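Engineer: Given next are the chains, with one letter for each unit.
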Amino acid sequence: MKNDVLRILVVGVGGQGVVFASKVIGEAIMNTGQNVIMSEVHGMAQRGGVVTCHVCIGDTYSPMIGDGQADLILSFEPIEAFRAIQKAHPETVIITNKAMFIPVSVNISDVKYPDLDDVIGAIEEVNDHLTVLNATKIAIEVGSHVMANAVMLGALAGTGKLPIETDEFKKYILSEVPPKTVDLNSKAFERGLAVTAPD
Amino acid sequence: MHEILTNEVGKKLFLLGNEAIVRGSLEAGLDVAAAYPGTPSSEIGNTFERVGKDFGLYFEYSTNEKVAIEVVAAASACGLRSMTFMKHVGLNVAADAYMTIAYTGVRGGLVIITADDPSCHSSQNEQDNRYYAMLANIPMLEPSSPEEAKEMTRIAFDLSEELELPIILRTTTRINHMRGPVILGELGEPQDKGFFEKDPGRFITIPVHARKRHAILLQQMKKAAEISEKSSFNKVFELGGDEIGIITSGAGFNYVIDFMREQDIKGKVLKLGMTRPIPSEMCLKFMQGVKKVVVVEELEPYLEEQLRSIVQRQGLDTEICGKDTGHFSKLYEYTPDTIKQGMSKVLGTDAPDRKLEPKHIPLPDRPPSLCPGCPHRHTYYAVKKALGDKFKEAIFSTDIGCYTLGIQPPLQTADFLLCMGSSVGAAGGFSKATDQPVLAFLGDSTFFHSGIHGLVNAVYNKHKFVYTILDNRTTAMTGHQPNPGTGRSGSGEPTIEVSIEDIVFGCGPDFVRIVDPNDLAVTTKAYEDALAHDGIAVIIARRPCILLEVREKRRTGTLTQYKVNRETCKECRICIDTLGCPAIFENKDGKIDIHEAICLGCGYCVQVCPFNAIEPVEESS
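Chains as they are written, first to last, in our numbering: chain A, 1259 to 1457; chain B, 2 to 622.
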């Protein structure tokens, strides 16, 4: 029964578009006739807070992912991938954006933003399926830092783990973004796809 | 047209639980909805704001939950289908009217949605409002998914009319904010107007009538119990055995059925969707048919205690595992992990775990904080400046809204909070109980909700404190809903802008000052005068929410950001250590910097910097 269910955890920081990306993933897959349920974060998750969305696909009732249950983790910020690591298992495919979003709390507390190589190293010690990409940098190259979202979704599609054809997934994403940004989103998606897709 | 108005029977939409509730009410042909915004129910109102008028129903944001429930009770008495929705603590506010609506009963279907918040994601407590259904003795439905939320809402109106009783639909945050496929049924047709047929023996609840109505309520609840026995919302899932029988409701069902199926545990699951009155016969039969019963429900042992009482009445020796036996917690919302732990205790086994355990690296938190440029921060900054050395002994009686976030360092301007409107009532108590400086803070929407009677009390009883109304022209925390001060109604129509100062003047305090919190000098002077005033001093700190202001500035291309001048900055850190704007930070080189992706261009830091080292970013292409 376990194989029938695919669980995707999407994490990031308020304002990065985590909820939008998760909804697009869920809705695109639901439209192919599969069951999808997801949990969103609302309310106190304001600008700068941690945002976590759980997307569960297949024969399942639970909208939340338990420890060690995530099959894919899509992280928009590197330390957020590490914060979510207890949701992963050894085979979980983890994709994280490398661009840092420094929390305000480091200004006034003793806990500093950790060394990025330490964080990535710590994940790699327990999981062999980590991809680190600078989605924000790629997005700026494409035309706008806002496109980081589409880069990340492209990278997710590139893993080949989603139960939807990449073309169909991309088409759905482009139907959900503002019409003026379709071309940029399309380019950004392809750049992300190229990072994770096998040659 | 909003997708929620799609009239395509059988089409599947990917809806939030809150949107599904709205859809269910539209399929029932809802006529009147009224509410005060409160998370986790806020998106219900947001959706009505968008679609109510097009659908042809009447929707209003009422000043508080008590007013809202009175509005819908009257509409229902006129034969219209009516609904109110609130966060769990909102029902405390509405409770006075709520308890007696159970006696008058209803004509048009009346549905009351209570959105509970286990884990206090955005609330001051995690009370279990299923006990409100028990307290008033009215029927209750509890969905586990958006699809079920839609269906239960739709059917709740029929049930309400059949029983002539209001129906509670009780959700939890996880259901309100869960998204899933919802299959559309046919949209209903709202009626234009109802008619109130007088019936004093029912609607005038003087003692002689109320006594009779209570007896009728008990009779109707007997009928409800028969309905519950047959309700399709109460159903058994057979998992190939009778070793273990789970009785569950709401969000708990989702985790426990997944656990049972994934671990391949033979047993049965009784999912209760109608949880007031519970189907006693059905539960009895279920419990007799299994070797061991496990009750899985978030928060209080609401079902468990009723099930234990059934077992006791029948003289059975059924073993029931739940909260009483220490298998499950009364604390916080459940997750797949808490269910796994609880069930492992019940089964005496250890479910395999694949979770990773990397080395420990301490991570900085990302606590919610006031937005960059938030006018509340500026008010607090001026207050602290005016207080000077007296800041430490001053008592900050705060309230429910964004401004509670003043609790965070470096401001730390929040000391006491109970509920909506408590800032002003409690400030009166502090002012009588101590000689410390006392300051109350609440927002414009909260003032209209429950801040006025506290002001009247303070004037009447000669309290001495400073009462600040942080008027940011919106209900910001729950997502920028309009309120009586904004000049815009729940359906987006222009309306009379109720004047906060006119209300304040009418209450009779002899010190009232209106300030722009972005003006540091004027605001500081106002607080110095207010603190020296012998009596109640009211300050209205008026400035629109920065998010509204920025939206407008971006639209008109007039947003100017700020930067630090390297030559004049002395790195005194006053901006970081006393203002705490999220846009200002110490960069890798130990220099003070302003983050261009975060700065919203309020320019307040310019007034804070003693060395004039902050300046506007020159316009570039």
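Warning: the hint list may mix true and false statements.
[Stated by the list, open to error] No more than 25 Å apart at the CA atoms, straight line, and that leaves these computed lysine-lysine pairs for BS3-like:
1) B/K236 <-> B/K293
2) A/K1395 <-> B/K589
3) B/K360 <-> A/K1356
Hints are computed from structural coordinates only; laboratory data are not their basis. Computed from a prediction, not measured in an experiment: that's the story for all the values here.
Engineer: With reference to the structure, classify each hint as holding or not holding.
Structural biologist: Verification of the hints:
With a C-alpha separation of about 18 Å, the suggested pair B/K236 and B/K293 falls inside the 25 Å cut-off, and the hint holds. Using a Cα cut-off of 25 Å, the hinted pair A/K1395 and B/K589 holds, with the two alpha carbons roughly 19 Å apart. As the CA atoms of B/K360 and A/K1356 are separated by approximately 20 Å, the hinted pair is consistent with the 25 Å bound.
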